[in-house]
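> Letter by letter, the chains look like this.
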Amino acid sequence: MEFGPILRSLARNKTGAVLIALQIAFTMTVVVNAYFIIGDRQARMQRPSGVAEETLFHLGSAGYTTNYDAVGSLAQDLQLLRSTPGVVDAVAVNQIPLDSSGWSSGAKTAPGNEHQSVPTAMYMGDHRTVATFGLKLVAGRDFTEADVRDRVPNMRGWPDKLMVTQALAAQLWPDEAPQAVLGRSVYIGDEAPATVIAVIEKLQAPWSGWSQVEQSVLVPEKLLWPSVNYMVRTEPGQRDALMPLVEEALATSNTQRIVSAPESMDDTRKRSYALDAGVSRILTVVMVLLVAITALGVIGLVSFSVRRRVKQIGTRRALGATRADIRRYFLLENFIITSVGLVMGAALTVGFNMWTVSALGFPKIDLAYVAGGMLLLWVVGLLAALGPAQRACAIAPAVATRTV
Amino acid sequence: MLEMRDVSKIYRTDAVQTHALRGVSLQVSQGEFVAVVGPSGSGKTTFLNIAGLLETFDGGRFLLDGNDTANLSDSARSKLRNEKIGFIFQGFNLIPDLNVFDNVDVPLRYRGFKAHERKQRIERVLELVGLHQRMKHLPAQLSGGQQQRVAIARALAGEPRFLLADEPTGNLDTQTALGVMQLLDEIHAGGATIVMVTHDDDLAQRAQRCVTMRDGAVQSDRARAA
Ligand SMILES: Nc1ncnc2c1ncn2[C@@H]1O[C@H](COP(=O)(O)OP(=O)(O)O)[C@@H](O)[C@H]1O
Ligand SMILES: [Mg+2]
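For the protein sequence lines, the chains are A and B, in the order given. Note that the first sequence covers residues 1 to 404 in our numbering. Note that the second sequence covers residues 405 to 630 in our numbering.
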């Protein structure tokens, strides 16, 4: 290997090499951190909401007349929904997971201001909510019709029974098994306590960006409000066809209210994570562009270095270099430049991540990403150098005597 | 021994064909010092390039140490160049980014010699050309004559069977040229076989044998009067 001479020769022509090394370092820093952030976003986007998303859609009903019959409308709507062929079940609820608006409150295990409350989303729905949503209970029993109380507008207080998600239970009673928290009291706000009758495996709050998104309470209430959300569960594969039919049927069945456009849970999820998806897309484009620009930079540098040394290449060939020797020379030279860039890049990558950890609360980067980034850019650098190196070894030995 | 029989070479470009060599026959034996003269364009460099395996030819035969060179692969030709041929160029062709030591080292590395052997050889040939004090200098820090001496050292370092020089003094003033010629004479006296292209008749006269080329053919081939 001609390591020594290549290094000494490089040292006398630093500028281009240093610039490319810096570009590689910068590219690596951005690419690895971007990839890491994308991975983190993707992981967030893939968290299950706890409901049977692929068979669920929801739509709103808002009565606008002054003497709107909320009680009658609700009964009539539910009757209509539940009897529609293809609909498995339907419930009226105050909010929809990932829908970005809803209720939250504070839950605690004892009354009084001296106790820290744990934030939680508050779901209200009747005894068919668990089945309609497709929630899984890890402990306890489902609500019965007898558990359900009516909630009229402007009512205070909460029913005496509720369900909590596992995540909320873990906050309220750390280290307790789900089974062990059944029968415990929960204080919502400063109201009378309610008893935990079940623990839900998972039910995400309406806000996907909320750090406590897994913390939810479900209370057994029949919503006698003029404005409610209907969550509709369909047979598999029938949802998308049913959505416009259901909207139409509801709208014509009662003209005293406005039916909002139905939305599938899949679309709700998309809407909820639109920013994450957008950020991921932009970062992906940035990554691809940067890698492409870096590859072009490497191609440019090696091409320039070949063109500058045409006579030298001819001379080397005249002195006995094979084509492979010439190719190896340029690949090795480029490998050295790339490696210097990547070592700087590794340090920069970790440094940048440490900054995002402390300043933005991002997670700490896994060193496998750093290694992966180095490997990727090594390969990119090698591939980019291959073309110009190939042109170098096509330079004829006679160039040595034919050029001045 | 270097032996050409009726070698021809045609350069083809889109518009024209140039018959650079038209049936050159020539033998150079071990230990000879041959000067090749002739007007510009007569085919001297072409002859030297073919002799040094830098270029292929179109007709005839060329035997290097008795081996036919016609069907050698590119890498076999590289290997032969590396082992049997030492090139000296008009423009010195030192690698500007490498110091004197590293320049002389270039063919030795392709030869695959171990570091200590390379070092020994480099020091010996640089001593021979009188530049062992300048090993760390870059080419740009040397005069033309010194650069050509480094190039000669580089050509000699692998102990080739043939030294091929294309106008080695063409870029040097008369005084310096004489010094380089003297060096080549000494090297020849030491047993080397040298083929040197030159347009300087005075220098050509110093050689044992003088081949004159014209229009791609050997016009005359004379031994120097003893
Ligand atoms: N690469 C080439 N392509 C086309 N013609 C060439 C090439 N090299 C040399 N020639 C032509 O071949 C002839 C011989 O050239 P050359 O051997 O360089 O002559 P000399 O060295 O005696 O001046 C000239 O007419 C020259 O123009
Ligand atoms: Mg010439």
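Source of the hints: derived by calculation from the structure; they are not laboratory data. Certain hints may be false.
To be verified - DMTMM-like, lysine to aspartate or glutamate: derived pairs with alpha carbons at most 20 Å apart:
#1 B:Lys518 - A:Glu145
#2 B:Lys540 - A:Asp266
#3 A:Lys202 - A:Glu54
#4 B:Lys518 - A:Asp266
#5 B:Lys523 - B:Asp478
#6 B:Lys483 - A:Glu2
#7 B:Lys483 - B:Glu407
#8 B:Lys540 - B:Glu521
#9 B:Lys523 - A:Glu2
#10 A:Lys311 - B:Asp478
#11 B:Lys483 - A:Glu54
#12 B:Lys488 - A:Asp325
#13 A:Lys202 - A:Asp266
#14 B:Lys483 - B:Asp472
Unchecked claim - Partner residues are not named here, just some residues of chain B that face chain A (Cβ under 8 Å, in silico):
#15 Thr449
#16 Asp462
#17 Asn486
#18 Glu521
The beta-carbon is built from N, C-alpha and C at its ideal position, and this holds for glycine as well.
> Any hints from earlier that this structure breaks? Give me their numbers in increasing order, please.
1, 2, 4, 5, 11, 16, 18
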